[in-house]
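Engineer: Construct the entire structure; sequences and hints are all you get.
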Amino acid sequence: MEQNQIIALGDELYQAMRKGETVTPLTTRFPDISVEDAYHISLRLLERRLEAGERVIGKKIGLTSKAVQRMLGVDQPDFGFLTDKMAFSQGQEMPISEQLIQPKAEGEIAFILKKDLMGPGLTAADVLAATDCLLPCFEVVDSRIENWQIQIQDTVADNASCGLFILGDSAVDPRKVDLRTCGMVVEKNGEVISTGAGAAALGSPVNCVAWLANTLGTFGIPLKAGEVILSGSLVPLEPVRAGDFMSVSIGRLGSASVRFS
Amino acid sequence: MGNLSKQQIEELAIHLENAELDAYEVTKITDDFPQMSYEDAFDIQWEIRRRKEARGHKIVGMKMGLTSWAKMAQMGVEHPCYGFLADYFSVPDGGDIKHAELIHPKIEAELAFVLKEELKGPGVHIGDVLRATDFVVPAVEVIDSRYKDFKFDLKSVIADNSSSTRFITGGRMAPPSELDLKTLGVVMEINGEVVQTGAGAAVLGHPAASVAMLANMLGERGESLAAGSFIMIGAITAAMPVNPGDNFTVHYQDLGSISGRFV
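Line order of the protein sequences matches chains A and B.
Okay, so the first sequence: first residue is 1 according to the UniProt record's numbering, each after it adds one.
Okay, so the second sequence: first residue is 1 according to the UniProt record's numbering, each after it adds one.
Keep in mind the hints are simulated off the structure, nothing from the lab.
Glycine is no exception: its CB is placed at the ideal position from the N, C-alpha and C atoms.
Wrong hints could be hidden among the right ones.
Said to hold, decoys possible - Now the stretches of chain A that chain B is said to cover, found in silico as 3 or more residues with beta-carbon under 8 angstroms:
hint, region
1, 172-184
2, 188-198
3, 240-251
What the hints assert, rightly or not - Partial selection, computed: residues in chain B whose CB lies under 7 angstroms from chain A:
hint, residue
4, D180
5, V187
6, A202
7, H251
Structural biologist: If you want it as structure tokens, here you go:
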């Protein structure tokens, strides 16, 4: 794909995000678009957000469940960037009707790093050694592509369908948790809607962060000390709307809740 | 209220137990006995139990079935159900399960409660269960409905001892005071691949709620759960079909793991 085309598509997605509108899938308009093209479009989208004053505070990994990968016909996850405007704290309402288009919530584990991680060549052990603490978290994904009609290139270009996120308050040392078996319970409006465990994301959330560090490393991008890393959903995505209330509890990790407006 | 005669109950018990012992499928019994009541269904199950005990088998525990809201919806039933565990259902951790002795087995990740005090319904609640529990230990249940294609209604499945056939227990035990039973995670692997994950709250919102419901259901028949009872709470994950040659391991948060093989 030509550089000017990449810039035009990055700008188009930025405008869609700001105006709360969807666009026709890139893959229907450009059937030859590659995943690498899509990553460059996402970097242009990020550039526009930084020009508007946003700051990168972390990264996310997406498409970590086998079921979602099969649905999109891919065999690997994808990644996106987290900015300060996307972050919410416990007690704050999340204004999805104002800021998002077609939101879905997913329960995840967030890693806070104490050391930089620069791939490639990193292992799960490197990730654990670089992790300061773990937090329960909701990521609310959103797609700027109409009706979530995404293929891998569409979601990669669209910042891995990232929307907003909210962290819990309990920070736990990774030495205290078996990330593979820790259980997750998600409730919506007081009803248990799904349960899962760490192994649902690439066998372990630690593997997800290692994949992210190694993949970003090939683009020359590090995971930095202090950054928030969202490690991928452990349960199916749940559509949400204003007025919904959700909570996620994770074994040995604590809980987070969010009210949507 | 019972709508079947004592003789019909005995004949249906023989019909279903033979299907279990010789591993063949039958059609659901409500097709032929639409007037069958829940009381009749439990009477058939208790008659199967009596027949096994009369042959010298020991009843070593109880199990709950259809304890997830999703599973109840999937099977089109409105309540959970219970069944009994006979001595020959037990397979040691790491052991072999003979596939040919079964019809179309599936495995489920569960937990088991072992009581130190009697529980007698009605009115048993989660707090009573936690107080009366000696320890919690991992369990894997092999279910094998005797009904063709696992197609049944709640009455038929109750009469069929709630699809019970084999179970494995092992791993690490812990008192309930050391565990957060709602968020306790389980990871099921078949042939080394993660196939299911879940957490305790998948069972009626809290694993102990399942034991309370069992005590209350048994209370309706004047029965109780004695001290020392071993009770499996129902599936935390969806049931997974297994074939001869498959091996499985289920990992439990804070409670170790269980494994076995189908031969």
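Engineer: Given V187(B) as an interface hint, is its Cβ closer than 7 angstroms to any Cβ of chain A?
Structural biologist: holds (4 angstroms)
Engineer: Three residues or more, CB to CB closer than 8 angstroms: is that satisfied between the region 188-198 of chain A and chain B?
Structural biologist: holds (count 5)
Engineer: How does the coverage statement for the region 240-251 of chain A fare against chain B, requiring three or more residues with Cβ below 8 angstroms from a Cβ of that chain?
Structural biologist: It holds, with 3 qualifying residues against the three required.
Engineer: Please check whether D180(B) passes as an interface residue: C-beta within 7 angstroms of a C-beta belonging to chain A.
Structural biologist: Holds: closest Cβ of chain A sits about 6 angstroms from D180(B), inside 7 angstroms.
Engineer: Verify this for me: three or more residues of the region 172-184 of chain A with a beta carbon less than 8 angstroms from a beta carbon of chain B.
Structural biologist: holds (count 6)
Engineer: Quick check on the hint: A202(B) CB to chain A CB, less than 7 angstroms?
Structural biologist: The hint holds - A202(B) has a Cβ within 7 angstroms of chain A, the shortest such distance being about 4 angstroms.
Engineer: Does the CB of H251(B) sit less than 7 angstroms away from some CB of chain A?
Structural biologist: Result: holds, 5 angstroms to nearest chain A Cβ.
Every hint, counting from the list given before, is met by this structure.
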